[in-house]
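Below, each chain spelled out in residue letters.
Protein chains: 2
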Amino acid sequence: MAVYTDVSFEDLEKLLTEYDIGSPRSFKGIAEGVENSNFHLQTDRGGYILTLYEKRVSADDLPFFLGLMEHLATRGIDCPQPVRNRAGKNSIVLNGRPAALLTFLDGVSLRKPDVMHCAQAGEALAKLHAAGADFKPARRNSLSVTGWKKLAGDTRADADTVQAGLASLIETTLAEMDAWPTALPSGIIHADLFPDNVLFTDGKVSGLIDFYFACNDAFAYDIAIMLNAWCFEPDGAYNITKGKSLLSAYRQYREPTLQEAEALPILARGAALRFLLTRLFDWLNPDPAALVRPKDPRDYVKRLRFHRNVRNASEYGL
Amino acid sequence: MAVYTDVSFEDLEKLLTEYDIGSPRSFKGIAEGVENSNFHLQTDRGGYILTLYEKRVSADDLPFFLGLMEHLATRGIDCPQPVRNRAGKNSIVLNGRPAALLTFLDGVSLRKPDVMHCAQAGEALAKLHAAGADFKPARRNSLSVTGWKKLAGDTRADADTVQAGLASLIETTLAEMDAWPTALPSGIIHADLFPDNVLFTDGKVSGLIDFYFACNDAFAYDIAIMLNAWCFEPDGAYNITKGKSLLSAYRQYREPTLQEAEALPILARGAALRFLLTRLFDWLNPDPAALVRPKDPRDYVKRLRFHRNVRNASEYGL
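Chains as they are written, first to last, in the numbering used here: chain A, 218 to 535; chain B, 218 to 535.
Bound-form chain A, shown alone:
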């Protein structure tokens, strides 16, 4: 098995005595998720994902993540639903790890979303922002400016081995983050709504997954993350048609303020820096037990350089 923590069928059988979800039909480790160990379980009643939370997901945050998924579903968002066991708990401990059993969502994630998919995803983000409005628990974004400073420190010595001048680019960008906006309209954000995490069925969004970076932060920062993740071409060029498509679909469900529009360039720069830094850290510190190869941080160097030349939000298509 290529998962961090192994779960045998015998472990599963024991676990299932605590749940009312039918008899197992198949059970397989799946090659998905950088952070966790995931297993696909099919029973005679339906499909489930068993997730064991590893290193980056803190057990203390689980009630927030699982509670959020339950809340969002009651507000019409299609996302995995934690299954409660006979004792009423939506999380357990399995093989020494915090774990949860979640409903499996049909749909596929796209490697090369087109302009229409970007619109669908922008709409989904706006609806997510609205649906989170009355969710009471809160979680600080641990991967905002303070977190970036730590990652920059941890990667400074070796950054230039990945690309000449990278340490200096990170340092300069980080210094600019002193102007990071802190009074923008905020609420629950997904914070990682990459194409990997949006499922499509027949060209329509059929679900959002992987809420394990969700937190309270600026809505416009979530938009900035999506512009980075959905609107650049493989050669590193920004595709303004995709940007316009994503942004105008978002605006049909939630209209940004002028302040948010003005902040978009720095937010996009910060978002590129965030993914550059986590990818750089994982690149320099590969986990031999990981089943996912580290992603090339240089994709985000290109994006960051693009954002550093952007003067206003119209260049993104807003």
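Just so you know, the hints here were simulated from the structure itself, not pulled from any lab data. Since the structure is predicted, the reported quantities are computational estimates derived from the model, not experimental observations. It is possible that part of the hints are untrue.
A pair holds if it fits inside one copy or across any two, identical chains being indistinguishable in the list.
[Unchecked claim] Each computed DSSO-like pair below joins lysine-lysine, with the alpha-carbon atoms no more than 30 Å apart: (1) LYS272 to LYS512; (2) LYS329 to LYS306; (3) LYS329 to LYS367; (4) LYS353 to LYS231; (5) LYS519 to LYS306; (6) LYS329 to LYS344; (7) LYS367 to LYS421; (8) LYS231 to LYS367; (9) LYS421 to LYS306; (10) LYS306 to LYS461; (11) LYS231 to LYS512; (12) LYS421 to LYS231.
Let chain A serve as the given structure and place chain B on it in line with the hints.
Relative to the frame of chain A, chain B by itself:
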């Protein structure tokens, strides 16, 4: 994705235009199989496995493996069935690799099979041996004595870094293989029927998988492999109750000859050597792209030492 060769949904969509199997509902890389890249595909018509064949599986052998699975199904063996595309082909090339789309089998593989499971598995092996009888194509066992000699040479220099005295144990055992029997009743064997490759549903065998070591060789060698794989406890002790259970279930469907019974000790020793050597090689040459951690070769050192003290087949429960 933690598979050797990645397949995007877009790659899959293009591929599916060549097949008549319905619309995709989900598509995920699965953490399974040491040798290949595997993806689970669910369409509105059923479940499938897309396999891309890597290094150890030669494209030249694919017609044998796929043809065998088709043949066995016509003889009542539940095993994955290659799906033919609109052009009538059961294998294709995808992302530079030979590939095949196979039907997905329900069932789970057990980590700790009990005595009854051993009986089920022994029965399945005997039925497999009978079902292969009239399969015309043939494939030499590339992992028999000649293959072991090559692996022993490739691992000799570093074997003792894994366990003191290992190089010498391998050399001595290999010398004994000069007495390897070559005139035993032969036919199609699975050659890798570990608990991983036997699926159970509700305590009954629901399918056999992973035929990529299948070849023409002695039936009793296949039995010897199963005694190694099913009848030892985690502490290294041989469980003769499991051995008796597996062997007597086998005998209900195919009675071994006296010659086969007499050969069992050397066959079991050879089988332990075969898995010791391939595990040792993978342990000494880990593939950083592999999603499966190398298995500890020392489990098979224990088995081999046990077999070296066995004087006749009754010690296995025959």
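Structure-based check of each hint:
no.: 1; hint: LYS272 to LYS512; in the structure: both (18 Å within a copy, 24 Å between copies)
no.: 2; hint: LYS329 to LYS306; in the structure: between (38 Å within a copy, 28 Å between copies)
no.: 3; hint: LYS329 to LYS367; in the structure: neither (32 Å within a copy, 45 Å between copies)
no.: 4; hint: LYS353 to LYS231; in the structure: neither (34 Å within a copy, 45 Å between copies)
no.: 5; hint: LYS519 to LYS306; in the structure: neither (45 Å within a copy, 43 Å between copies)
no.: 6; hint: LYS329 to LYS344; in the structure: within (23 Å within a copy, 47 Å between copies)
no.: 7; hint: LYS367 to LYS421; in the structure: neither (39 Å within a copy, 54 Å between copies)
no.: 8; hint: LYS231 to LYS367; in the structure: neither (41 Å within a copy, 44 Å between copies)
no.: 9; hint: LYS421 to LYS306; in the structure: neither (33 Å within a copy, 32 Å between copies)
no.: 10; hint: LYS306 to LYS461; in the structure: neither (43 Å within a copy, 44 Å between copies)
no.: 11; hint: LYS231 to LYS512; in the structure: between (36 Å within a copy, 25 Å between copies)
no.: 12; hint: LYS421 to LYS231; in the structure: between (38 Å within a copy, 19 Å between copies)
Comparing the model with each numbered hint stated earlier shows that hints 3, 4, 5, 7, 8, 9, 10 do not hold.
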